[in-house]
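Asker: Next come the chains, spelled out residue by residue.
2 protein chains.
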Amino acid sequence: MASRTIENYLKQLYLEQEAVPGEVAMGRLATIMSVVPGTATAMVKALADARLVHYSPRAGVRLTEAGKQLALHVLRRHRLVELLLVKVLGLDWSEVHEEAEELEHVISDKLLDRIDALLGYPEVDPHGDPIPTAGGGVQAVSAETLVSCPLGIRVRIARVLDQEPRFLQFVEASGLVPGARVEVAERDAQADAVRVVLARGGEQTLSTAAAGKFQVRAEGAESMEAPAGASLAEEAPAHHF
Amino acid sequence: MASRTIENYLKQLYLEQEAVPGEVAMGRLATIMSVVPGTATAMVKALADARLVHYSPRAGVRLTEAGKQLALHVLRRHRLVELLLVKVLGLDWSEVHEEAEELEHVISDKLLDRIDALLGYPEVDPHGDPIPTAGGGVQAVSAETLVSCPLGIRVRIARVLDQEPRFLQFVEASGLVPGARVEVAERDAQADAVRVVLARGGEQTLSTAAAGKFQVRAEGAESMEAPAGASLAEEAPAHHF
DNA sequence: GAGCGGATTTTGATGACTCAAAATAAGAAT
DNA sequence: ATTCTTATTTTGAGTCATCAAAATCCGCTC
Numbered sequence: 001m002a003s004r005t006i007e008n009y010l011k012q013l014y015l016e017q018e019a020v021p022g023e024v025a026m027g028r029l030a031t032i033m034s035v036v037p038g039t040a041t042a043m044v045k046a047l048a049d050a051r052l053v054h055y056s057p058r059a060g061v062r063l064t065e066a067g068k069q070l071a072l073h074v075l076r077r078h079r080l081v082e083l084l085l086v087k088v089l090g091l092d093w094s095e096v097h098e099e100a101e102e103l104e105h106v107i108s109d110k111l112l113d114r115i116d117a118l119l120g121y122p123e124v125d126p127h128g129d130p131i132p133t134a135g136g137g138v139q140a141v142s143a144e145t146l147v148s149c150p151l152g153i154r155v156r157i158a159r160v161l162d163q164e165p166r167f168l169q170f171v172e173a174s175g176l177v178p179g180a181r182v183e184v185a186e187r188d189a190q191a192d193a194v195r196v197v198l199a200r201g202g203e204q205t206l207s208t209a210a211a212g213k214f215q216v217r218a219e220g221a222e223s224m225e226a227p228a229g230a231s232l233a234e235e236a237p238a239h240h241f
Numbered sequence: 242m243a244s245r246t247i248e249n250y251l252k253q254l255y256l257e258q259e260a261v262p263g264e265v266a267m268g269r270l271a272t273i274m275s276v277v278p279g280t281a282t283a284m285v286k287a288l289a290d291a292r293l294v295h296y297s298p299r300a301g302v303r304l305t306e307a308g309k310q311l312a313l314h315v316l317r318r319h320r321l322v323e324l325l326l327v328k329v330l331g332l333d334w335s336e337v338h339e340e341a342e343e344l345e346h347v348i349s350d351k352l353l354d355r356i357d358a359l360l361g362y363p364e365v366d367p368h369g370d371p372i373p374t375a376g377g378g379v380q381a382v383s384a385e386t387l388v389s390c391p392l393g394i395r396v397r398i399a400r401v402l403d404q405e406p407r408f409l410q411f412v413e414a415s416g417l418v419p420g421a422r423v424e425v426a427e428r429d430a431q432a433d434a435v436r437v438v439l440a441r442g443g444e445q446t447l448s449t450a451a452a453g454k455f456q457v458r459a460e461g462a463e464s465m466e467a468p469a470g471a472s473l474a475e476e477a478p479a480h481h482f
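Chain order of the listed sequences is A and B.
1 is the number of the first residue of the first sequence in the numbering used here; add one for each residue after it.
242 is the number of the first residue of the second sequence in the numbering used here; add one for each residue after it.
Treat the hints with care, as some may be off.
Quick list of the computed label-pair ranges, beta carbon to beta carbon [claimed, not checked]:
| hint | chain 1 | residue 1 | chain 2 | residue 2 | range |
| --- | --- | --- | --- | --- | --- |
| 1 | B | Val438 | A | Ala66 | 51 to 59 Å |
| 2 | B | Gly377 | A | Ala59 | 50 to 58 Å |
| 3 | A | Glu144 | B | Met242 | 37 to 45 Å |
| 4 | A | Glu186 | B | Met242 | 31 to 39 Å |
| 5 | A | Ala59 | B | Ser297 | 43 to 51 Å |
| 6 | A | Gly136 | B | Gln410 | 43 to 51 Å |
| 7 | A | Val141 | B | Met242 | 50 to 58 Å |
| 8 | B | Ala291 | A | Ala66 | 50 to 58 Å |
| 9 | A | Thr39 | B | Ile273 | 46 to 54 Å |
| 10 | A | Ala134 | B | Ile394 | 38 to 46 Å |
Since the hints were made in silico from the structure, they are not lab data.
Just so you know, even glycine gets a beta-carbon here, dropped at the ideal spot from N, CA and C.
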C-alpha cells in the first residue's frame, strides 16, 4: 500500500497537472508539498521507481496512468468524506477540507462504498469539485468562470476553486455557493473588478482574481440534478450545498 | 501531538491494565503490540521521557495520569467511531473494530463532538464497551459474566469482550448481542460448558472460555436506557445494537 | 563563448520506529 | 552458592521522510 506521504504527493501532482497541464517542476512540487527541493527530488525518484510517475531529471515530473488512478482514488475518498461531513455530520463546508485531508488516507473501500451509497452517489463535493468514480473516471470540468463567461447571461455557480476556510467563509456570506444562480453585470478591466448579481437578490463585486475562482455552467445545463442524498439532507443538519 | 504509534501504545496499555491491574510486563506489551521486546523497551523509555508512563526497568510499566487521559481520549474516538459506522453508515458490528483502529487517530475534537451529538451522547459502543466522556471519565463496568452470574436468573448481555470478527459473527448468529435478555440454564464443569437460554427463544451452549467473554447486568438495571441516537436509527440502516 | 544566476540534484545527517542478535540481570533449581 | 532459565535491555543496523548545505547543470546575458 502507498504510504500517506505518497498518496499526498500523487494527489497534489494530479491537482497541479489538472490546473497546469504538462510536467510539474521540482520547485513547484516542493512548494506545494511544503518541503525543500531536495526532498521533492528524493520522493519523486522513489515514485518513479514505483512506476507512479515519469521523471526526467531537470525537466519535471508527470503522473503515469497508475499514479493517476491512485491519485483519483485518494481524491474520491477526500471528496466523498467532505460531503459526508457537511451533509451528515453538519460541519461547515469551509472547514471540511482540513478534516478530509486526514480522513482520506484511512477510509477502507467498503466504508467508502457505504458513504457513497448513503449520500446517493453524488457527483460533486460541497465545493463543486467532481467526485471521481470508483472506476477512476472524472467529470469533464467546465472551463468558464465569472471572468470568462458572457455578460448579462444567467449562469449557475458550479465550483469554487479555493479551499481556504477564509475564502469559503466569504463565499458563504456573499451567497456565491455552488448551485447559486447569478449573472455577471459588468467587468471593469481598469478597476480589476467584476460585478455579479445574484438571482435571489443582492450583488457582489469581486476582484478579477477572486472571480476567476468561480467556475460556472450555463443555467439549466446537465449534471446539476437533485443534490445527492437530498432525502437525508432534510433531517440531517445540512447547512449548505 | 502524540504520534499514532504512541496513541496505540497508550491505548493498549490502558486496556491491558483494565484487564489485569498492576504493572504491564515488557514481554506482554511486546506481544500486544506485535513488536519484538527490544522495541517495546525503547518505546516505553520514550513514553517515560514524555511522562506518559511510569517505567521501572525489569519491573514493568504503568500509565501516568496524563497517559491514562490520552488513552481514554483515543478510546473515546475509537468507540464513538464504531458506533457511527454501525448506526449511520450501516457497517456490520463485527467489522467496525478494524476500521476504527485507523480512524481513531484522525478525528478532530470538533468532528468528535458532532459525532457524539448525532448519536445522542451514547454511553456504550456496539460491543457494549463504555465510551469515555470528553472529560476522561469511564463508566464502572460490571464484573459479572455468563460464567459467574447466578443460574436461572434473567440477565441482560451488557458487553462482549472479544473484538474478533469471527467471534462477533458467531455472537450475531447466536443472538447473544448486547442488550439481549438471557439466563444461564446450567453449567457443567466437567464438560467445561455453559448452557444459555435466550428470552426471545432459542438456546446456546458455550465453552467456559467463550461464556467468560460476555459481561452481563441484572435485568432491569440502570444504564441500558434508550439506545443513543435511536431516532436516527429508525431510518438509517442500523442493523444491530 | 565566458560567465552568471536560479533551479535542481547530491550528500550527509536527523528523528521516529522497527528488527536481529548479543549482553545482562533476576529468580529458580540443584 | 553456583548454575540454569528466561525475561529484559542493549547494541548495531535499516527504512522512511525530512532538512541543510554543497555541488551541478542549463539557459541567458554581455
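Asker: Taking the hints in turn, state whether each one holds.
Answerer: Consistency of the hints with the structure:
The hinted range of 51 to 59 Å is satisfied by Val438 (chain B) and Ala66 (chain A), whose Cβ atoms lie roughly 57 Å apart. For the hinted restraint 50 to 58 Å between Gly377 (chain B) and Ala59 (chain A), the CB-CB distance of approximately 55 Å keeps it satisfied. Separation of Glu144 (chain A) from Met242 (chain B) is about 43 Å and conforms to the stated range, judged on CB atoms against 37 to 45 Å. Hint check: Glu186 (chain A) to Met242 (chain B), Cβ distance near 49 Å, so the stated range 31 to 39 Å is violated.
For the pair Ala59 (chain A) and Ser297 (chain B), the beta carbons lie near 58 Å from each other, so the given range of 43 to 51 Å is not met. Judged by the Cβ atoms, the range 43 to 51 Å given for Gly136 (chain A) and Gln410 (chain B) is violated: they are separated by roughly 33 Å. For the hinted restraint 50 to 58 Å between Val141 (chain A) and Met242 (chain B), the CB-CB distance of approximately 36 Å leaves it violated. Remark: the range hint 50 to 58 Å for Ala291 (chain B) to Ala66 (chain A) is contradicted by a beta-carbon distance near 40 Å.
Range check, Thr39 (chain A) to Ile273 (chain B): Cβ separation about 35 Å, and the 46 to 54 Å hint is violated. At about 51 Å, the CB distance of Ala134 (chain A) to Ile394 (chain B) disagrees with the hint of 38 to 46 Å.
Hints 4, 5, 6, 7, 8, 9 and 10 from the earlier list are contradicted by this structure; the remaining hints agree with it.
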